[in-house]
Amino acid sequence: ETGVTQTPRHLVMGMTNKKSLKCEQHLGHNAMYWYKQSAKKPLELMFVYSLEERVENNSVPSRFSPECPNSSHLFLHLHTLQPEDSALYLCASSQLIGPYEQYFGPGTRLTVT
Amino acid sequence: QQQVKQSPQSLIVQKGGISIINCAYENTAFDYFPWYQQFPGKGPALLIAIRPDVSEKKEGRFTISFNKSAKQFSLHIMDSQPGDSATYFCAANTDSGNTPLVFGKGTRLSVIA
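So the sequence lines, in the order shown, correspond to chains V and D.
To convert, count from 1 in the first sequence and add 11; that's my numbering.
To convert, count from 1 in the second sequence and add 984; that's my numbering.
Hints listed in this document are in silico derivations from the structure and should not be mistaken for laboratory results.
Hints are not guaranteed to be accurate.
Said to hold, decoys possible - The calculated PhoX-like cross-link candidates involving lysine-lysine, where the alpha carbons are at most 25 Å apart (straight line), are: (1) D:K1052 to D:K999; (2) D:K999 to V:K52; (3) V:K51 to D:K989.
As the list claims (entries may be wrong) - Here are the in silico distance ranges between beta carbons for each label pair: (4) D:Q1065 to V:S83: 31 to 41 Å; (5) V:V23 to D:L1030: 27 to 37 Å; (6) D:A1029 to V:V23: 37 to 47 Å; (7) D:P992 to V:P94: 22 to 32 Å.
Beta carbons: idealized from backbone N, C-alpha and C, even for Gly.
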């Protein structure tokens, strides 16, 4: 595997379910990001991790819970979501936080029913 | 001050024509300006980037023009092709900070034959 991978690619869940999104980067990067992409907000930054420490949390509801166990893996734990949370969730990584190229995964298309 | 304003929201161009997408910013500390390209079903990918020591950067059919005094930069796609149909995001950052890229809201480009 190369680049940034995300699983699953598609997810349908009910509002009472708990699920997790997984992201893995094979680039040796130290920074990882979660973005939400929807028609209203095309690239909405949710969380930023640097060297496994969360450095930014952009007023994201607590029903989204990130986890970064090591510099190669990033998870987004989901519980009691709302239909308006349906979106494409993109993971990205970069060498460091700052003016560095971000490499994006293909995203997970989430539908909340 | 952290925003990057992008226009137009959508653009339709004839094959062979020039596509122009504009971005404006307020933060004078920004000194790194990348453009990302996103095809349907994929994550965004870096297309071309510029720093303010030059007013223009060209890579093949893609050119960034930068106007520091006006705090504006634009992407020009010469000889636009149907394969260029995608969503384009401008972004900005500062070399001196430890902050993530700030993205514009995107422009959906359709190149029609």
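Status of the hints after comparison with the structure:
1. D:K1052 to D:K999: 31 Å, violated
2. D:K999 to V:K52: Violated. K999 (chain D) to K52 (chain V) sits at ~29 Å, over the 25 Å cutoff.
3. V:K51 to D:K989: 15 Å, holds
4. D:Q1065 to V:S83: 31 to 41 Å: Between Q1065 (chain D) and S83 (chain V), where Cβ atoms are some 37 Å apart, the hint holds.
5. V:V23 to D:L1030: 27 to 37 Å: At 31 Å between Cβs, range holds.
6. D:A1029 to V:V23: 37 to 47 Å: 27 Å, violated
7. D:P992 to V:P94: 22 to 32 Å: With a Cβ separation near 30 Å, P992 (chain D) and P94 (chain V) satisfy 22 to 32 Å, so the hint holds.
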